[in-house]
Amino acid sequence: MALDVADPGLSIPANLPDEHGRFGQFGGKYAPETLMPALDELETAYHEAMLDPAFAAELKVLSRYFVGRPTPLYHAKRLSEIAGGAQIWFKREDLAHTGAHKINNALGQGLLAKRMGKPRVIAETGAGQHGVATATVCALLGLECVVYMGEVDVARQSPNVFRMKLLGAEVRPVTSGSRTLKDALNEAVRDWVTNVDNTFYIIGTVAGMHPYPMIVRDFQSVIGREARAQCIEFLGRMPDYVVACVGGGSNAMGIFHAFVHDPDVALIGVEAGGHGLASGMHSASLVAGEVGVLHGSKSYVLQDAHGQIREAHSISAGLDYPGVGPELAYLKDMGRASFVAITDDEALEGFQLLCRKEGIIPALESSHAVQYAMALAKEVGDPEKMILVNLSGRGDKDLNTVSQALGVSL
Amino acid sequence: MTGSRIPGAFAQAKAEGRTAIIPFLTAGFPTLAESEEIFLAMVRGGVDAIEVGVPFSDPLADGATIQRSSEVAIANGVSLDDCISLVRRLRETHGVTIPLILMGYYNPIFHYGCEQFAHDAAAAGVDGVIVPDLPTEESDDLLAACRAHGIDFIFLLAPTSTDQRISDVAERASGYIYCVSLTGVTGGRSSLPDLGPYLARVREKSTLPLAIGFGISTPDHIRQVAAVGDGAIIGSALINVVEQAPEGGRAAAAESFIRGLADAAKS
Chain A
2 MALDVADPGL
12 SIPANLPDEH
22 GRFGQFGGKY
32 APETLMPALD
42 ELETAYHEAM
52 LDPAFAAELK
62 VLSRYFVGRP
72 TPLYHAKRLS
82 EIAGGAQIWF
92 KREDLAHTGA
102 HKINNALGQG
112 LLAKRMGKPR
122 VIAETGAGQH
132 GVATATVCAL
142 LGLECVVYMG
152 EVDVARQSPN
162 VFRMKLLGAE
172 VRPVTSGSRT
182 LKDALNEAVR
192 DWVTNVDNTF
202 YIIGTVAGMH
212 PYPMIVRDFQ
222 SVIGREARAQ
232 CIEFLGRMPD
242 YVVACVGGGS
252 NAMGIFHAFV
262 HDPDVALIGV
272 EAGGHGLASG
282 MHSASLVAGE
292 VGVLHGSKSY
302 VLQDAHGQIR
312 EAHSISAGLD
322 YPGVGPELAY
332 LKDMGRASFV
342 AITDDEALEG
352 FQLLCRKEGI
362 IPALESSHAV
372 QYAMALAKEV
382 GDPEKMILVN
392 LSGRGDKDLN
402 TVSQALGVSL
Chain B
348 MTGSRIPGAF
358 AQAKAEGRTA
368 IIPFLTAGFP
378 TLAESEEIFL
388 AMVRGGVDAI
398 EVGVPFSDPL
408 ADGATIQRSS
418 EVAIANGVSL
428 DDCISLVRRL
438 RETHGVTIPL
448 ILMGYYNPIF
458 HYGCEQFAHD
468 AAAAGVDGVI
478 VPDLPTEESD
488 DLLAACRAHG
498 IDFIFLLAPT
508 STDQRISDVA
518 ERASGYIYCV
528 SLTGVTGGRS
538 SLPDLGPYLA
548 RVREKSTLPL
558 AIGFGISTPD
568 HIRQVAAVGD
578 GAIIGSALIN
588 VVEQAPEGGR
598 AAAAESFIRG
608 LADAAKS
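Going down the list, the protein sequences come from chains A and B.
Here the first sequence stands for residues 2 to 411, numbered as in my numbering.
Here the second sequence stands for residues 348 to 614, numbered as in my numbering.
Just so you know, the hints here were simulated from the structure itself, not pulled from any lab data.
Treat the hints loosely; a few may be bogus.
[Stated by the list, open to error] Simulated DEER-style distance windows between Cβ atoms:
#1 A/G408 x B/A411: 35 to 41 Å
#2 B/G460 x A/A230: 43 to 49 Å
#3 B/R519 x A/G408: 57 to 63 Å
#4 B/A411 x A/R226: 39 to 45 Å
#5 B/A422 x A/V409: 54 to 60 Å
#6 A/D265 x B/A495: 47 to 53 Å
#7 A/E42 x B/G543: 23 to 29 Å
#8 A/F163 x B/D428: 43 to 49 Å
#9 B/S537 x A/G143: 31 to 37 Å
#10 B/A362 x A/T195: 33 to 39 Å
#11 B/D428 x A/G281: 19 to 25 Å
#12 A/D265 x B/S432: 52 to 58 Å
[What the hints assert, rightly or not] Selected chain A positions facing chain B (in silico; Cβ < 10 Å):
#13 P33
#14 L36
#15 K299
#16 I310
[Unchecked claim] Stretch-level coverage of chain A by chain B, calculated; a stretch enters the list once three of its residues show a Cβ under 8 Å from a Cβ in chain B:
#17 24-32
#18 173-185
Since the structure is predicted, the reported quantities are computational estimates derived from the model, not experimental observations.
No residue lacks a Cβ here, since even glycine has one placed at the ideal position from N, Cα and C.
Chain A extracted, bound-state conformation:
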């Protein structure tokens, strides 16, 4: 593939973020002073680890034998037939250990925590997938683990709360603010400010202060690297579209990153449209937000006329976040990626369709991407075109939510 890009919209530097943690105007380090030395220390440790062949080897072995990578590239034939247009393919991150892509990053950062000699790990979680992944890695590596989770999410994702506890983690419900992911993130930062000496904070998405958006992207970029290589090896071609759901953006950046410099591959992020953009109850920061600063970085955020962060809404706890990773904001402004929104109801359609027609129960997060891919396939109309969807997680955790939405009592 041509890396030599003619399209000015694709003139994206290869080594982002810059030394200030910026992706264009986005990103940065809007953090309390207490954490600044820790962020510098983390960045240094990360770069050292990346240059250490022993670190890479350990990550590779565990990714293979513990996580189960590489995950398959899978042709959703029946779904493609129903759409009646382009071919839909999945990158099966739902088959990764713990049931979602979150393990890729948790494993990388867990190894980094161990390398830095930090005995205690904290994490925030929305749907609980990152919390489960972090708890899993901490069990594997012998690290103490505390997970912050909004009270609302604790209620709607109770199976994952129990999984975390089984794995030996302490789950602390967060009762401040909207009691969802953004508040869990606030509370994790407060814990880190207090215990920064012995604690490693494993952020689960490509948001937050530098160097986190870079670190999480790099550990998740294995998704896109594998998928790109699989496309070339098995199909002898590149996909025409890469589609991923976007909450904070880790699975989207994970699959997009390897394709950013492939000019013929369109990148499309699917945000949670909740009850519809007009209702104001959604999580579509890129589609309907404004530039602001939240959780340590500049990006698109949902905010009111006075710069207060608005509560997000989505049926899927993992997308229920009023911010988004700064690199996605940059790809949007550069015209390199485009973003759309899919409502709760549409996502539920995608969820059920995938269950019935492909025998896969997807996460509600991923169902947003699936539903959009169906519409896109139809619209494209050409069976020679290929849509690659990041099927970022499996849906076992969502059975309560879905049964409620469908009016079925379990």
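Starting from the known structure of chain A, arrange chain B on it as the hints suggest.
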């Protein structure tokens, strides 16, 4: 260098042989009108400067007390505009002459626009701003706007700050430096860590007054701060006093609490 009232206030406290008393209260807590009364009561109580807290939905450097006050203020509909207007009333209607400092997170200011904010704040009579999520690395835009309008940009330092970071702050700071007493979030504490070595490291790099905040709750703490610093910032402990006081008695309770601390500052 600036038209700020801050240097004079610290100079006066020093001349009187005491550490400056600087209370923090979230504007709009428990209501906008009551917070205005409480600010005035504290002026009567002899404080040297006031930090007017600008409420924010996601105060990630704050403990439970200030978070709660912020949630109440936002529920009361209090915005950054209201905070600036409050300062204007304190100056114009009530004739307050001590330094008034706005303290709040960056997004409301960024959304308002740094230049517009500094312009409006200065016109209202604001002397300084403190933005806990704006370290030196990210401060350029707001710092330039504040300098242009004669507002002191008050940086925070923490016990974890390296010597290099202390130098970076010393280069940019004016007014005073906000020395965070401990590794943690805001909130009342029963005891403070040993502040001596940390404050000495900051003194080495800056001649500005050093005000110490986070955890300061009792007259004993004020004496401990007075031994090493030039000012004591009292936030959560004050909010607790306001919360526990009966309706109608909040301003009086705040004044009495602050007088108790101001007395300790003299000894």
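Verification of the supplied hints:
1. A/G408 x B/A411: 35 to 41 Å: Since the Cβ atoms of A/G408 and B/A411 sit about 39 Å apart, the hinted range of 35 to 41 Å holds.
2. B/G460 x A/A230: 43 to 49 Å: With a Cβ separation near 47 Å, B/G460 and A/A230 satisfy 43 to 49 Å, so the hint holds.
3. B/R519 x A/G408: 57 to 63 Å: holds (59 Å)
4. B/A411 x A/R226: 39 to 45 Å: holds (43 Å)
5. B/A422 x A/V409: 54 to 60 Å: violated (37 Å)
6. A/D265 x B/A495: 47 to 53 Å: holds (48 Å)
7. A/E42 x B/G543: 23 to 29 Å: holds (25 Å)
8. A/F163 x B/D428: 43 to 49 Å: Between A/F163 and B/D428, where Cβ atoms are some 46 Å apart, the hint holds.
9. B/S537 x A/G143: 31 to 37 Å: holds (34 Å)
10. B/A362 x A/T195: 33 to 39 Å: This hint holds: roughly 38 Å between Cβ atoms.
11. B/D428 x A/G281: 19 to 25 Å: holds (22 Å)
12. A/D265 x B/S432: 52 to 58 Å: holds (55 Å)
13. P33: holds (4 Å)
14. L36: holds (8 Å)
15. K299: holds (8 Å)
16. I310: holds (4 Å)
17. 24-32: Answer holds; 4 residues pass the 8 Å Cβ test.
18. 173-185: holds (count 4)
When held up to the earlier numbered hints, the structure conflicts with hint 5 and nothing else.
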